[in-house]
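A.B. asks: What follows is each chain in one-letter form.
2 protein chains.
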Amino acid sequence: MNVEVRDPLVLFMPSGKRGRFPIGTPILDAARQLGVYVESVCGGRATCGRCQIEVQEGNFAKHKIVSSLDHISPKGPKEERYERVRGLADGRRLSCSATVQGDLVVDVPQDTVINAQTIRKAATDRVIERNPAIQMCYVEVDEPDMHKPLGDLDRLKAVLAKDWGWKDLRVAQHIIPEVQKILRKENWAVTAAIHKDMEFSRPTVVALYPGLKNEAYGVACDIGSTTIAMHLVSLLSGRIVASAGAPNPQIRFGEDVMSRVSYVMMNPDGQGAMTAAVHQAVNDLIGKVCAEGGVDRKDIFDSVFVCNPIMHHLFLGIDPTELGQAPFALAVSGAVQGWAHDIGIDINRGARFYLLPCIAGHVGADAAGATLSEGPYRQDKMMLLVDVGTNAEIVLGNKSHVVAASSPTGPAFEGAEISSGQRAAPGAIERVRIDPLTYEPKYRVIGVDKWSDEEGFEEAAKATGVTGICGSAIIEVVAEMYLSGLISEDGVIDGALSASTPRIFQNGRTFSYLLRDGQPRITVTQNDIRAIQLAKAALYAGTKLLMEKQGVETVDTIRFAGAFGSFIDPKYAMVLGLIPDCELTEVKAVGNAAGTGALMALLNRDHRREIEREVSRIEKVETALEPDFQQLFINAMALPNKVDAFPKLAEQVKLPPRKADSEEAGASEATPRRRSREERAARRGRS
Amino acid sequence: MNVEVRDPLVLFMPSGKRGRFPIGTPILDAARQLGVYVESVCGGRATCGRCQIEVQEGNFAKHKIVSSLDHISPKGPKEERYERVRGLADGRRLSCSATVQGDLVVDVPQDTVINAQTIRKAATDRVIERNPAIQMCYVEVDEPDMHKPLGDLDRLKAVLAKDWGWKDLRVAQHIIPEVQKILRKENWAVTAAIHKDMEFSRPTVVALYPGLKNEAYGVACDIGSTTIAMHLVSLLSGRIVASAGAPNPQIRFGEDVMSRVSYVMMNPDGQGAMTAAVHQAVNDLIGKVCAEGGVDRKDIFDSVFVCNPIMHHLFLGIDPTELGQAPFALAVSGAVQGWAHDIGIDINRGARFYLLPCIAGHVGADAAGATLSEGPYRQDKMMLLVDVGTNAEIVLGNKSHVVAASSPTGPAFEGAEISSGQRAAPGAIERVRIDPLTYEPKYRVIGVDKWSDEEGFEEAAKATGVTGICGSAIIEVVAEMYLSGLISEDGVIDGALSASTPRIFQNGRTFSYLLRDGQPRITVTQNDIRAIQLAKAALYAGTKLLMEKQGVETVDTIRFAGAFGSFIDPKYAMVLGLIPDCELTEVKAVGNAAGTGALMALLNRDHRREIEREVSRIEKVETALEPDFQQLFINAMALPNKVDAFPKLAEQVKLPPRKADSEEAGASEATPRRRSREERAARRGRS
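These protein sequences, in sequence, are chains E and C. According to my numbering, the stretch in the first sequence is residues 1 to 687, in order. According to my numbering, the stretch in the second sequence is residues 1 to 687, in order.
One thing to keep in mind: the hints can contain errors.
If several chains are the same, the list does not tell them apart, and a pair holds so long as it fits within one copy or across any two.
Claimed, not checked - Cut-off 25 Å, straight-line C-alpha distance, at most; resulting in silico cross-link-like pairs (DMTMM-like, lysine to aspartate or glutamate):
| # | residue 1 | residue 2 |
| --- | --- | --- |
| 1 | K196 | D342 |
| 2 | K181 | D319 |
| 3 | K381 | E292 |
| 4 | K162 | D29 |
No wet-lab data here; the hints were simulated from the structure.
Using the sequences and the hints, build the whole thing.
C.D. replies: Have a look at this one:
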């Protein structure tokens, strides 16, 4: 009888990759053979400590494997030395030294979790699998030999080929004059930083250090028109070391992107000045995250950027004028990479930059980043992804097809063009409720802990004052005015109500709503409502156009990306008709999804190829060229919409009946609105 | 009966490549399919005129082909238009427009001939087959389309892929901000300069021009310690447009390379200053060749450099100190390439530089260039290739094996350390003959048309004066002194002869030979002869060591590279024992072979791979580590050598008998030398 003796089975988590390996195989080698990414800088010398893993004990019946600590070799002298000198957490082992002795379930610690800082808790915490572009490789170079007079650099390349398998390695030009001194400094031991994502080029040594260099960092950066946000990440552990933001100093050249394009058109040095400003700001922000994380900026070897097309062009030193006029031609739409040094980013001399591809002239690398982060193309559900700014960038799709467009929402959602509008800052009203019977408002103010109708609100608000309405509250106040019958579905403030409530008052030829009487007086004017209607109609019409392209009547899930999306209440957004009908639980704010996409591309270069591929597949829709857009826009001016029903919303919110519906019902005096007006009068009488 | 109808046969000359093509095939396409390099910028639009060929008429029986002008299509309207507008020489056709109509012998004009300027006529004129790293590609880019919002750059890449087959093309970072304007300037027609030799990287667009750009140049440069020499070449036609030289300004830091290394060791800023000096000199020389050739320096896209290891390091900004001491470690020995801009060479912003590999710490890229040019590895004969400077670089080998070494000849051959020595310049004695009977010399002076014993010499020499002895004459005067018996095989001036001739006179404890009495007085001292003996012994011992490595007693052919080699008479070099015995007809001066090698690498990137491969195969010999070297050196002090015979030389030149030989023959009074002395006395008596 033959007894088949099989090699032990090793299962790596979380990837789930598995394979059989002879007893005595170092676990690091097993991981490598399976394509499981385990970091190692020292190349198996048990000195860098980057290759740590944990063994899980137990009977993993599902995987038909019993894992035990007895199935891994005990610590040898090298590993013990590492533990003594550098310390090793409980349960952790160095996979370069520990060998397979039996079946094992091995946990590869993944430190990069897209966490609450990056993305709202509502979304499931996600792990970004690491496969960064930078690999640190420690080697001991042969000393010069007169019999074989290979140059220092050539012997370095030879040992990198021998120890690490790098063939045809390139060496960045700026390293060549330094190589002699670096090699001799620590007795021919050096660590090479190798960049593996060089755009159709062989991997390249981009930095070289004497001895063991056990650190390498990267930055992921979202250059918004208003704010620049950055993560500093360890490329060796995946840990987010620091995150920070700063205003985009280009604001002094123009509040929104189109005014910055105008500035360039009007000023011969405009592009240069704005390019310099954003480079300076990025450099300053790098200084900030480095200070916070205790990291030397020269230890940053890779950087990934996302931004809208105009920021993208200005960042690269490209004149953005073409983007200000039809046909909105991008100078470059594909991903761009190069030496960070060449575009003035002050990090390591050999560091690279990578800019995600742009989708279209108005749908930039930031939308690509959000698309990478949320991945409509990765799932079956029809996902709507919107990022609202001066332009709304709209992506709609699923596994089979993705379409994208931008729509000119204008700055109303950001508080501009609104009489009492302001940025989200202490003193700004951020939440509003209106009593549907009395029309009395209550509100919350940023920096104040109470609602305005609670005891001690005025006292508490003294520090900040109540200074205006920010974006989220603009949505809410208009939606509440609609729900309470203060405005019609056409958005007209009902002047007749000025007789019943002092909150409605005449203001020239139209009426306004008084939200707060004080210094300043905060009102919602008919113009404010028109501005919101125009903005939301643009967003909705763009979405609707993409739904028509996809041939769908509804969407399954909605993602609000960006700061605006983080603060608005999905319910009110839907009441106003910013977004189509959808289960409210499926409407999620995902924060700076563009920045998360940049982080993913930084930590795993496979994500770069993924988004390059997906962006090339996305169907781009130019709203201005679509004959239907105008009609969709007109329909969308109504609240929530002239033709589209919102049945799922209606299950949760009592929507006022439509004029058309009620007219069709032959209602005249006894319309629901009239009825409710009577109810309210009754209630006022009671109160 | 089947009649086999075969497609016409097309034979391309000078490559000899042949193939059958259907009637109607454009000749350019036929060439491409066979891998025959025919330039074309416009991509078959009959506008650039670069694809010209000639048809040979006649019965080429050897090739079994009858070629006739009837076998090529008549000129069509496009070609006629080109002829009308730009002109077309008799017999020339545009191969993009002319099609195959029958059997053809097609001549592809090769304009790059290594001609007399580059290499002495003695060597056969050679044609360098062209395959430059730069290709100019004209395309017409799609205009922007809002429905397919690809960026300008992306549409450029797409058409380069479609029209020219470039896949995964890279675009140099510095072009990106310019791409919009360039594309729009000539209505979306552009020419891309594509560099195809990017060190393990994909071909790269390195420059971009509006419309048709029908010019591209390169420079090949030899940076010698003393002189920098440069060729400016059209990469599209192969024509050498201009050649020029200039002194190496580093001379002010040190006459020879070792004194420049000392300067660096002594001065903290020494390396930077010398690097800046050589860059400036190269830039100035580029200005000179461009002015001479009427070329804009911004139209230079590629550059190839050769130099010795210390010049190599200084050129790249590398500290050369390591090369001044054992183990003479090169910072980099392999070929180096990069952006010319990054090392301060002021040509096109996207131009590249390529430095040939170094062979060893004392055998540089210049020796590699000479090796590429002379190609010992391409032939069966055992070839000795020597380049004499302060160090002699010696390469010996054939198809099966090549060995190389350097030997410290010192500066004597260059006229330094010689009492009346000077550079080769007007006024310098360059040829010397000594009458073996009277010991009277005659000589020629640079800049003077007569020998010194001819009528009117003194009158003719008034303009220049007679100022000293240059390298070639030092060899000759010592050899002639030996042949005439003025010095022994040990190099000792025979003081006894001072009684017979006033040309020999006592000078301290030794004797000297008076070559010319005048202002200045030009003499050859015992020290001068010692210096020459030391230098020639070093060269010979190095050569002999390599012959031992190869296991050969003789060499088949000898090449003298460099300026020194161009002026010395091979016979005298052999009489002195600089080089081993060889048929005199097989000793050839090849001029600046290093520069020719640079030119070859510039015009054909296959030559880069060739020399990289060959240099890695060369066996490097470090003379200082070889136990035999000392004995070989001592043997080589004698004239021509203590142990080696020169039978082939003896067939042409009557060599004095060896002391050893004559002693063995038991000669005493009646030695040949004595005899000849008596003859001479008799002759004096007669004259």
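A.B. asks: Can you name, in rising order, the numbers of the hints this structure does not satisfy?
C.D. replies: Checked against the structure, the only hint that fails is number 3, while the rest are satisfied.
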